[in-house]
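Here the structure of chain A is known, so what remains is to put chain B in place on it, guided by the hints.
What follows is each chain in one-letter form.
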Amino acid sequence: QKEVEQNSGPLSVPEGAIASLNCTYSDRGSQSFFWYRQYSGKSPELIMFIYSNGDKEDGRFTAQLNKASQYVSLLIRDSQPSDSATYLCAVNAQAGTALIFGKGTTLSVSS
Amino acid sequence: GAVVSQHPSRVICKSGTSVKIECRSLDFQATTMFWYRQFPKQSLMLMATSNEGSKATYEQGVEKDKFLINHASLTLSTLTVTSAHPEDSSFYICSARSRTSGGSNEQYFGPGTRLTVT
Numbered sequence: 006q007k008e009v010e011q012n013s014g015p016l017s018v019p020e021g022a023i024a025s026l027n028c029t030y031s032d033r034g035s036q037s038f039f040w041y042r043q044y045s046g047k048s049p050e051l052i053m054f055i056y057s058n059g060d061k062e063d064g065r066f067t068a069q070l071n072k073a074s075q076y077v078s079l080l081i082r083d084s085q086p087s088d089s090a091t092y093l094c095a096v097n098a099q100a101g102t103a104l105i106f107g108k109g110t111t112l113s114v115s116s
Numbered sequence: 007g008a009v010v011s012q013h014p015s016r017v018i019c020k021s022g023t024s025v026k027i028e029c030r031s032l033d034f035q036a037t038t039m040f041w042y043r044q045f046p047k048q049s050l051m052l053m054a055t056s057n058e059g060s061k062a063t064y065e066q067g068v069e070k071d072k073f074l075i076n077h078a079s080l081t082l083s084t085l086t087v088t089s090a091h092p093e094d095s096s097f098y099i100c101s102a103r104s105r106t107s108g109g110s111n112e113q114y115f116g117p118g119t120r121l122t123v124t
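One line per chain: the protein sequences are A and B, in this order.
Each residue of the first sequence is one higher than the last, beginning at 6 in the numbering used here.
Each residue of the second sequence is one higher than the last, beginning at 7 in the numbering used here.
Note that these hints are calculated values from the structure, not bench results.
A couple of the hints might just be wrong.
As the list claims (entries may be wrong) - Listed below are the simulated SDA-like cross-link pairs for lysine to any residue, each with C-alpha atoms no more than 20 Å apart in a straight line: (1) K108(A) to K47(B); (2) K72(A) to D60(A); (3) K47(A) to K47(B); (4) K7(A) to Y64(B); (5) K47(A) to T37(B); (6) K47(A) to S11(B); (7) K7(A) to S87(A); (8) K108(A) to Q66(B); (9) K7(A) to A8(B); (10) K7(A) to T63(B); (11) K47(B) to E50(A); (12) K7(A) to Q66(B); (13) K26(B) to L80(B); (14) K108(A) to V9(B); (15) K7(A) to M51(B); (16) K7(A) to Q48(B); (17) K47(A) to M51(B); (18) K47(A) to T23(B); (19) K26(B) to R120(B); (20) K47(A) to P46(B); (21) K7(A) to R120(B); (22) K7(A) to K26(B); (23) K47(A) to E65(B); (24) K47(A) to S87(A); (25) K7(A) to G34(A); (26) K47(B) to E10(A); (27) K47(B) to S17(A); (28) K47(A) to Q48(B); (29) K47(A) to Q44(B).
Said to hold, decoys possible - A few chain A residues that face chain B, going by a derived Cβ cut-off under 8 Å, partial list only: (30) Y44; (31) S48; (32) P49; (33) L51; (34) I55; (35) G59; (36) Y76; (37) L104; (38) G107; (39) K108; (40) G109.
Glycine included, each C-beta is placed from N, C-alpha and C at the ideal position.
This is chain A alone, in the form it adopts within the complex:
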């Protein structure tokens, strides 16, 4: 059974702080890794994807991937109250197949 694990939270950080979200996956053959943000009552929105070991930065967001440890993380710098949402980690074994989602981590950024 392929699994993606996330701490459900809530993770609470003050405005301006760095939020660190973590995810582990069980399928060592996984190729693609995604972070989605989901606001309550809305569908997921793609934030970042990463395919190679290391860091990938996009604005305030940095995704980090360590395939040896089967671990992927998302850092949000200068957190804003508007970042408060559920963050879903998703993993894909090969192109064209469906994503396997974690249960999500709820982030709360207080002003």
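Okay, now just chain B, sitting in the frame of chain A:
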């Protein structure tokens, strides 16, 4: 970015009736579309994978005769919930993978359809 639409965004129907949900990729061709269901405070659960021109592949536990999927073109997939019951009330979300994405594998979600069966 790629845009995926769903229609309707919200539907209320009576028990025993059927409901059709449309998923369209607006600015790209989607070789594959996926249908998910999400119950309150739970994660997305994959229901089926739909490839254009072929039969959908359903996940274990999903009744293919109850959830009919048609992927007639590269921009449109439909999910029909037949003989809906209150336990089918959920948030149904489709996603699409771009045909031109080559080796990449980004999937883009539609805005979702909230189904309430009374």
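Violated hints - listed by number, lowest first
Result: hints 5, 7, 9, 14, 18, 21, 22, 23, 30, 34, 35, 36 break, sorted rising.
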